[in-house]
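Undergrad: My request is simple: use the sequences and hints to build the entire structure.
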Amino acid sequence: MTYGTDGRNAGRAPRPRLGAAVAAAATVAVVAAGCGGGGSSKSSGGGATSGAPQPATTSIQRQDKPVTDYLSYVGGKAGAAGSGTPVSIGWVNGQGGQNQIPEATLGAQAAVKYVNAELGGVDGHPVTLKTCFIASAEEEGQKCGQQLLNDKSVSIIDYGAVTTGNQSLEATVAGKKPIMVGVSAAPADSTAKNTYILYGDQTHVLAPWGTYARDFAHAKTAAVVFPSQAGANSAAAAAKKGLQDAGLTVKSVGYDPNATDLLGPLTAAGGQSADVVVPMTDAAGCVNLAKALKQIGSTKPVVSNPLCLSPQVAQGLGDLPVGWVFGIAQILPSDATQPDAKTYVSTSTKYGLKPADTANPYAALGWDEVLTTVKLMNQAGADKITPATMGERLKAFKGPLIMGAPSVSCGKYPDAPAVCNDQTTFYKYLGKGKFQQVSNWLTPPK
Amino acid sequence: MDVVLLFALLGLGTGALTSGIALGVVLTYRGSGIINLATGAVAMVAGYAFWALKTGFFHVTLGSAPAMVVALLAAVLAGVLTELVAFRPLRTASPLAKLAASLGVLLTAQAAMVLGFGTAAKPEPSILPDRTVSVLGATVPVNRFILAGLVVAIAVVLAAAYRWSRFGLATRAAAENEGAAMLAGLSPNLLSLSNTVLASLVAGLLGVLAAPLIQLDSTTLPLQIVPALGAALFARFTSFGIACAAGLLIGMAQSLMYYASTQSWFPTDHGVALPGMQQLLVFVIIVVAMFWRGAGLPGRGELIEKRLPVVPVPERLLRTALIAAVVCATALIVFPYDFRQALTNSLIGAIIVMSYIVITGYVGQLSLVQLALSGVAGFALSHMLTDAGVGFPLGPLIAVAVATLLGVLTGVSALRVRGVSLAVVTLAAAVAMEQFIFVNSTWGGGSGGSPVSAPRLFGLNLGPTAAFKGVDGNPPSPVFGFVVLVVTVAVGVFVANLRRTGLGRRMIAVRANERAAAAAGVHVRNVKLTAFALSSAIAGIAGVLYGYNFGSVSATRFSALMALGLIAFAYIGGITMVSGAVFAGMISTEALFPHALEKWFGISGNWALLVGGLALILTLRLHPEGVAGAGYARRQRRRAARDEEAAPAGRAAAQGTVAAGSKGSGPPTGSTGSTGSAASEASEVRR
Chain A
120 MTYGTDGRNA GRAPRPRLGA AVAAAATVAV VAAGCGGGGS SKSSGGGATS GAPQPATTSI
180 QRQDKPVTDY LSYVGGKAGA AGSGTPVSIG WVNGQGGQNQ IPEATLGAQA AVKYVNAELG
240 GVDGHPVTLK TCFIASAEEE GQKCGQQLLN DKSVSIIDYG AVTTGNQSLE ATVAGKKPIM
300 VGVSAAPADS TAKNTYILYG DQTHVLAPWG TYARDFAHAK TAAVVFPSQA GANSAAAAAK
360 KGLQDAGLTV KSVGYDPNAT DLLGPLTAAG GQSADVVVPM TDAAGCVNLA KALKQIGSTK
420 PVVSNPLCLS PQVAQGLGDL PVGWVFGIAQ ILPSDATQPD AKTYVSTSTK YGLKPADTAN
480 PYAALGWDEV LTTVKLMNQA GADKITPATM GERLKAFKGP LIMGAPSVSC GKYPDAPAVC
540 NDQTTFYKYL GKGKFQQVSN WLTPPK
Chain B
2 MDVVLLFALL GLGTGALTSG IALGVVLTYR GSGIINLATG AVAMVAGYAF WALKTGFFHV
62 TLGSAPAMVV ALLAAVLAGV LTELVAFRPL RTASPLAKLA ASLGVLLTAQ AAMVLGFGTA
122 AKPEPSILPD RTVSVLGATV PVNRFILAGL VVAIAVVLAA AYRWSRFGLA TRAAAENEGA
182 AMLAGLSPNL LSLSNTVLAS LVAGLLGVLA APLIQLDSTT LPLQIVPALG AALFARFTSF
242 GIACAAGLLI GMAQSLMYYA STQSWFPTDH GVALPGMQQL LVFVIIVVAM FWRGAGLPGR
302 GELIEKRLPV VPVPERLLRT ALIAAVVCAT ALIVFPYDFR QALTNSLIGA IIVMSYIVIT
362 GYVGQLSLVQ LALSGVAGFA LSHMLTDAGV GFPLGPLIAV AVATLLGVLT GVSALRVRGV
422 SLAVVTLAAA VAMEQFIFVN STWGGGSGGS PVSAPRLFGL NLGPTAAFKG VDGNPPSPVF
482 GFVVLVVTVA VGVFVANLRR TGLGRRMIAV RANERAAAAA GVHVRNVKLT AFALSSAIAG
542 IAGVLYGYNF GSVSATRFSA LMALGLIAFA YIGGITMVSG AVFAGMISTE ALFPHALEKW
602 FGISGNWALL VGGLALILTL RLHPEGVAGA GYARRQRRRA ARDEEAAPAG RAAAQGTVAA
662 GSKGSGPPTG STGSTGSAAS EASEVRR
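Read top to bottom, the protein sequences are chains A and B.
The first sequence maps to residues 120 to 565 in our numbering.
The second sequence maps to residues 2 to 688 in our numbering.
Please note that the accuracy of each hint is not assured.
In the SDA-like style, the derived pairs of lysine to any residue whose C-alpha atoms are separated by at most 25 Å in a straight line are [unchecked claim]:
hint	chain 1	residue 1	chain 2	residue 2
1	A	LYS360	B	SER265
2	B	LYS600	A	ASN269
3	A	LYS249	B	TRP601
4	A	LYS370	B	THR269
Quick caveat, the hints were computed from the structure, so don't treat them as lab data.
TA: In C-alpha cells, the structure reads:
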C-alpha cells in the first residue's frame with residue numbers, strides 16, 4: 120500500500136530531505152564502479168585531489184570472513200519452501216513521494232523470492248512481505264505503525280530507507296513489536312524501544328572518520344563542510360566529534376542547503392589550509408564542492424561520505440572525483456573484488472533485482488535485512504515466531520552482517536541503545552570505475 | 002577584510018535573483034494592483050524549462066540560446082495564463098482574493114513541476130562563466146558581477162520606460178484612476194496583461210541565469226518571493242530602482258550573515274551555527290519595511306468597492322454541534338482503525354482551519370503564520386513534557402499560551418498594515434519560524450523531531466494508546482478521538498458563536514472598513530489583537546493535538562509551504578464558516594476523503610497539490626464563499642422559496658435576499674460580505 124501526499128501535505132515543500140539522505144548515506148555505501156562515469160576516461164571534473172599528496176593506499180587484506188554461503192547463514196534447508204502458512208515480515212520504506220528509494224524494497228523482494236525458492240523459506244513456510252510505504256508525511260509513519268501493529272501475522276518490522284515518520288511510527292508501535300533497521304538516518308531510531316540498527320547510525324559510524332584521518336591521512340586539521348539542515352547537521356557534528364576525538368583541529372561550516380556555489384563555505388571552513396577536507400553533503404553538494412575546490416586551487420585530500428559516489432556526481436564532474444576517499448559501513452555492493460559483494464550481485468540478479476539496482480546500497484540493505492530476519496526466524500522456529508521471540512533473537516544477534524561489519528553489539532551504547540554497529544571501512548576512488556579498499560573495519564578513535 | 006568583501010560580493014548572486022523577482026512583483030503590482038506571490042514560481046517554471054531543454058528531458062536537446070528563448074516563452078506563457086485565468090476574472094475582487102489567487106497559481110505551478118520533473122533537485126546548467134577574478138584580494142566568481150549588472154540594467158530600463166514611454170504613462174494612469182484611464186481609451190486589462198508578461202520575462206530570465214547559484218527544485222525559487230517581497234516593500238511596490246537596490250543589499254546582507262555564522266563567536270545549537278538566521282534577517286527586514294513604508298503603500302484608484310465572502314450568522318448552533326458530535330463519536334467506535342485515525346486527523350485539520358476563520362474570515366487579515374503557531378505549540382508541549390516534566394493538562398495549556406503570545410506579537414508587528422500586507426509579513430514569519438525555531442534542536446525538534454507522550458489525567462490514558470479500543474479491537478483508541486472531538490466541537494461552537502457576539506460584529510466591521518468601524522466607535526487595534534490572540538490560541542490547540550496524535554512533532558509538519566496549501570483548502574471549504582473548516586479538515590492530509598480515495602480507488606495524493614491550486618482559483622472565481630458558503634446560499638434560496646410560497650406578500654423582499662446571497666453580499670440575517678455595507682455593519686455594532 121502506498122500512502123500518497125494530499126491535503127495539507129499538498130502545501131508542503133516537496134523537497135527531498137537532503138539532510139536525511141546525507142545522514143543515511145553517511146552510513147552506507149552508495150553505488151559503485153558502474154557509476155563511475157561509466158568507466159569514462161575523462162579526468163575528474165572537480166579535479167579536487169588529482170596530483171594531491173594522498174594518504175597511504177596500500178591494498179589491505181580483509182580480516183573479516185565475508186558472508187557468501189547464504190544457506191548456512193540463514194540456517195535454512197536447501198530447496199523451495201512448502202505451501203504452509205506464510206510467515207510475514209513487516210516492511211516499511213520511504214517511497215512514493217519525496218523520499219524515493221524504492222530500491223530498498225526491490226532488494227527485500229528479491230531476497231524473499233530467493234529464500235522461498237532456494238533456502239526453504241522459514242522451516243518450510245513461505246515468507247511474505249507486508250509492506251507499508253511512507254511518501255512524505257509524518258502521519259504516514261503513524262499509519263504504517265498502526266497497520267503493522269494491528270496485523271497479527273507480523274512479528275517483526277524491517278525498515279528500508281525510512282527518513283520520515285520514524286518517530287510517529289515508533290511511538291505507535293511503542294516496542295510491542297521489534298523493529299530492525301539497516302541504517303538509521305533519524306536520531307529517533309537510536310533511542311526507540313525494541314529497535315535494532317544493525318549497520319549503525321550516523322553518530323556512531325561517522326566517528327571512525329577521525330581514526331582514518333589521524334592514522335591513515337596523518338592529518339592534524341580538518342575542514343568539514345555540510346548543508347545546514349536537519350540530518351546533515353547531526354551528521355557533520357558526529358564527524359566533527361570523531362575528528363576531534365582523534366586529536367584533529369576542526370573547522371566545521373554549514374551552508375544554505377539551497378546554495379550551489381560553495382566557494383564561500385569552503386573558504387570559511389579553511390579549505391585552503393586544512394590537512395583534510397570532509398564534505399558531509401549529498402551528491403549535488405559533492406559536485407559543487409569539487410568545483411569550489413577547483414576554484415580555490417586546493418589539492419588537499421578529501422574524505423567523504425558515500426553519497427559522493429552517485430551517478431549524479433559522475434555526470435556533473437565527468438567522472439567520480441579521483442583520489443577522494445569514502446568511508447562506509449558496508450562493503451561496496453559492486454566491488455567485484457569482494458567475494459560477498461560478488462555473491463550478492465549474482466544471487467540477487469537471479470531473483471529479479473536489476474544489475475543497475477544492485478549497486479544501490481539500499482537494495483543491498485533490503486536484501487541483507489530480509490536474509491538476517493529469516494536467519495532469526497529459523498533460529499526461533501516457525502511455530503515460535505512472536506514479537507517477543509524475535510525481539511530476543513535480535514537482542515542476542517552478534518553478527519556477522521552480510522557485506523557489513525564482522526561483529527555487532529546491540530545495546531553497547533546506553534544513550535543509543537538501538538545502535539548495534541560503530542565500524543566503518545574506507546575506499547579510495549582510483550578513476551575509471553575502480554576502487555581500492557584502504558582500510559579494514561575501523562572503530563571510533565580511542 | 003578580504004573575506005568580508007568576498008562574502009559581500011558573493012551575495013550579489015542571490016541578491017540579483019531577489020532583485021529580479023522583486024522587479025517582477027513591482028511590475029505586476031503597478032499593472033494590476035496584485036501582490037503576486039507566484040512570481041518566484043514563474044522563475045522556477047523558466048528554470049525547469051531551460052534545464053529540460055538543455056538535458057534532453059523532452060527527448061530534444063537545444064543549445065543555450067534557443068533553450069533560453071524557449072524557457073522565456075514558457076515564463077511568458079505562465080504569465081499570460083496567470084493573468085487570464087486568475088487575475089483578470091478577479092479584477093474587481095478584494096485584494097485578499099487576488100492575493101489568494103496568486104497563491105493558487107503558486108501551488109499549481111509547484112505541483113506541475115513536481116509532477117512533471119519529480120522532486121529531486123536538478124543541476125541547472127550555467128550559462129554564465131564560472132571563472133574568478135581577484136578584487137582587493139578576494140577571489141570572486143565573475144558571474145556575480147554579471148548578474149548584478151543585468152538586474153541594474155533591467156531596473157534602469159524599466160524605470161525609464163515607466164517615466165517616458167506611452168506604455169509606462171498609461172500604466173501609471175490606470176494605477177491612479179482606472180475609471181479615468183478607461184475614459185481616456187486605455188484598457189486596464191491590456192495594461193495588466195502587458196505588465197504581467199513583462200514581470201514573467203524578468204523573473205524567468207533571472208530564474209534561468211541565477212538558478213545555478215541556488216537549487217533548481219520546486220521549493221527554492223518559489224520561496225525566493227519572501228526576500229523579494231521585502232525589497233518590493235522598500236520600493237513601496239512602485240520604484241524599480243529601490244526594489245533593485247534593496248534586493249541586492251538583502252542578498253549581500255544574507256551572505257554576510259552567513260559569514261558571521263561561520264565565526265567562532267556566533268551562537269551555536271549543539272555545535273552548529275544557529276539555524277535560520279538568514280530567514281530571520283529577512284523577516285526583520287520586512288517588519289522594518291512595513292513600519293517604515295507599509296502605511297504608505299499606494300492603493301489603486303478603483304471605482305468598485307471590493308466584496309468579501311459572506312459571513313453568515315449561524316443558526317441552530319447547538320443542535321448542529323450535538324448531532325455532529327454524536328455522529329462522530331459513533332463513527333470513532335464503529336469505524337475500522339484506519340478510518341478512525343482518518344476521522345481524528347480530519348477533526349484536528351478542522352481546528353487549525355478554524356483559526357483562519359477568525360483571523361481571515363472574520364477580520365479579513367490573511368495570516369500565513371497559523372500553521373507555524375501550531376508548530377510552536379507542538380514543540381512547546383514536547384519540551385514541556387520532556388524537559389520540564391509538565392504533563393497534561395498544564396503542559397498543553399502553557400503550550401497554547403506560548404503560541405498565543407507569539408501570535409499576538411506577530412499581530413503587533415503588523416498593526417500598521419491592513420489586509421493583504423499582513424500576508425507578506427506572516428509569510429516571512431512562517432519561513433523564519435520554521436528555520437529558526439523548529440529546525441533548532443534545542444528549542445525545536447532538530448533533525449528527528451521531538452517526542453510527545455500520551456496525555457494522562459488522574460492516571461487515565463487519554464491518548465491514541467489508551468486501553469479502550471474500537472469495535473475492531475485495534476489501536477488507535479477512540480478515547481483520543483473523543484478528546485479531539487470534544488475540543489473540535491468546543492472550538493467550533495466558540496468560533497461560530499463568536500460571529501453572534503458584539504466582538505464578532507466588531508470584527509466584521511473592521512473587516513468591512515476599518516475607518517468606518519473606527520468612526521462607529523470600534524477600537525480597531527484591540528479588535529485586531531483580540532482576533533490574533535484567539536486565532537493563535539486555536540492554532541495552538543491544533544498543534545498540541547497534532548503532537549499527541551503522532552506522538553511527536555517535527556519541523557516538516559509545519560513548513561511555510563505547507564501552510565500555503567492549508568489556506569488553499571481553507572478557502573475551498575469556505576473561509577468564513579465553521580462548516581467550511583470541517584470540510585477543509587476532511588480533505589486534509591490523511592483525513593477521510595484522501596484516505597478513502599487512496600484505499601478504495603488507489604488515487605495517491607500526489608495530484609492533490611495541483612487540484613488544490615486549481616480548485617482555489619476556481620473557488621475564488623466562482624464561489625468565493627467556498628463549498629460551505631455555496632451550501633449556505635442554496636439553503637437561503639430554498640428558504641426564500643418557502644417563504645415566498647407561505648407569504649406571497651413578502652415575495653419582493655425574498656427575491657432581494659436570493660440575489661444578494663448569490664452575488665456574495667450578505668443575507669438579511671445581519672451578516673455582511675461587503676465592504677460597501679460598512680455602514681450597516683457599523684449600525685449593527687451600535688445595536
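Undergrad: Starting from the hint list further up, note which numbers the structure goes against and sort them upward.
TA: Hint check: nothing fails, all pass.
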